[in-house]
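Heads up, the sequence shown is in this note's numbering, so the first residue is 1 and it goes up one at a time.
Treat the hints with care, as some may be off.
[To be verified] Estimated spans, in silico, between C-beta atoms of each pair:
| no. | residue 1 | residue 2 | range |
| --- | --- | --- | --- |
| 1 | Gln55 | Leu81 | 36 to 42 angstroms |
| 2 | Ser24 | Arg97 | 42 to 48 angstroms |
| 3 | Phe10 | Leu94 | 18 to 24 angstroms |
| 4 | Ser24 | Lys59 | 27 to 33 angstroms |
| 5 | Ala96 | Met47 | 38 to 44 angstroms |
| 6 | Gln55 | Ser24 | 28 to 34 angstroms |
| 7 | Val99 | Ala49 | 27 to 33 angstroms |
| 8 | Lys37 | Lys59 | 20 to 26 angstroms |
| 9 | Gly9 | Asn48 | 16 to 22 angstroms |
[Unchecked claim] Below 20 angstroms or equal to it, Euclidean Cα-Cα: the simulated EDC-like pairs (lysine to aspartate or glutamate) are:
| no. | residue 1 | residue 2 |
| --- | --- | --- |
| 10 | Lys61 | Glu51 |
| 11 | Lys59 | Glu104 |
| 12 | Lys59 | Glu43 |
| 13 | Lys106 | Asp45 |
| 14 | Lys37 | Glu13 |
To be clear, the hints were calculated from the coordinates, so they are not data collected in a lab. Beta carbons: idealized from backbone N, C-alpha and C, even for Gly.
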Amino acid sequence: VWLFLRAVGFEVETRSELPAGLISALGLPTTGPPSEKFLMMKEPDIMNAHEEWCQWHEKIKALSRFLSDLERLVFQRTAHLGQRGGDLAAHTVLSAREVLQGWEAKMG
Numbered sequence: 001v002w003l004f005l006r007a008v009g010f011e012v013e014t015r016s017e018l019p020a021g022l023i024s025a026l027g028l029p030t031t032g033p034p035s036e037k038f039l040m041m042k043e044p045d046i047m048n049a050h051e052e053w054c055q056w057h058e059k060i061k062a063l064s065r066f067l068s069d070l071e072r073l074v075f076q077r078t079a080h081l082g083q084r085g086g087d088l089a090a091h092t093v094l095s096a097r098e099v100l101q102g103w104e105a106k107m108g
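Use the sequences and the hints to build the structure in full.
Shown next as structure tokens:
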């Protein structure tokens, strides 16, 4: 998951680099090691960088569609298994090739 999020644009930031008030807004403990790592995706300024924001927004929408399609496909392949489907390893439900093909189709 970490590598996937990094690949789609999330950046690593330490606790001490996070915007003021974010930790408490998320309900996380206010104390913790300053070197604790978080993944953040910064949104471009819609007013001062509108074109960049539009590109960013389209990328987020495409990512959302890809993940939704992936979820639907996994459900179709495991629904008949009931709760036992949760015990399956992901690679037995979808091949890496299928995931990559879906990624290329949605994300280009």
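Okay, the hints, checked on the actual structure:
The hinted range of 36 to 42 angstroms is satisfied by Gln55 and Leu81, whose Cβ atoms lie roughly 40 angstroms apart. Range check, Ser24 to Arg97: about 44 angstroms between beta-carbon atoms, so the 42 to 48 angstroms window is met. For the pair Phe10 and Leu94, the beta carbons lie near 22 angstroms from each other, so the given range of 18 to 24 angstroms is met. A hinted range of 27 to 33 angstroms for the beta carbons of Ser24 and Lys59 is consistent with their spacing of about 29 angstroms.
In this structure, Ala96 and Met47 meet the distance hint of 38 to 44 angstroms, their C-beta atoms being roughly 41 angstroms apart. Between Gln55 and Ser24 the CB atoms are about 32 angstroms apart, so this pair conforms to the stated range of 28 to 34 angstroms. Between Val99 and Ala49 the beta carbon distance is about 32 angstroms. The supplied range of 27 to 33 angstroms therefore holds. A hinted range of 20 to 26 angstroms holds for the C-beta pair Lys37 and Lys59, which are about 23 angstroms apart.
Hint check: Gly9 to Asn48, Cβ distance near 19 angstroms, so the stated range 16 to 22 angstroms holds. Our distance criterion of 20 angstroms between C-alpha atoms is met by Lys61 and Glu51, whose separation comes to about 15 angstroms. Of the supplied pair hints, the one linking Lys59 and Glu104 holds, its CA atoms being roughly 13 angstroms apart against a limit of 20 angstroms. A distance of roughly 12 angstroms separates the Cα atoms of Lys59 and Glu43; the hinted pair therefore holds under the 20 angstroms criterion.
For the suggested pair Lys106 and Asp45, the alpha carbons sit about 25 angstroms apart, so the restraint of at most 20 angstroms is broken. For the suggested pair Lys37 and Glu13, the alpha carbons sit about 6 angstroms apart, so the restraint of at most 20 angstroms is met.
Hint 13 alone, counting from the list given before, is not met by this structure.
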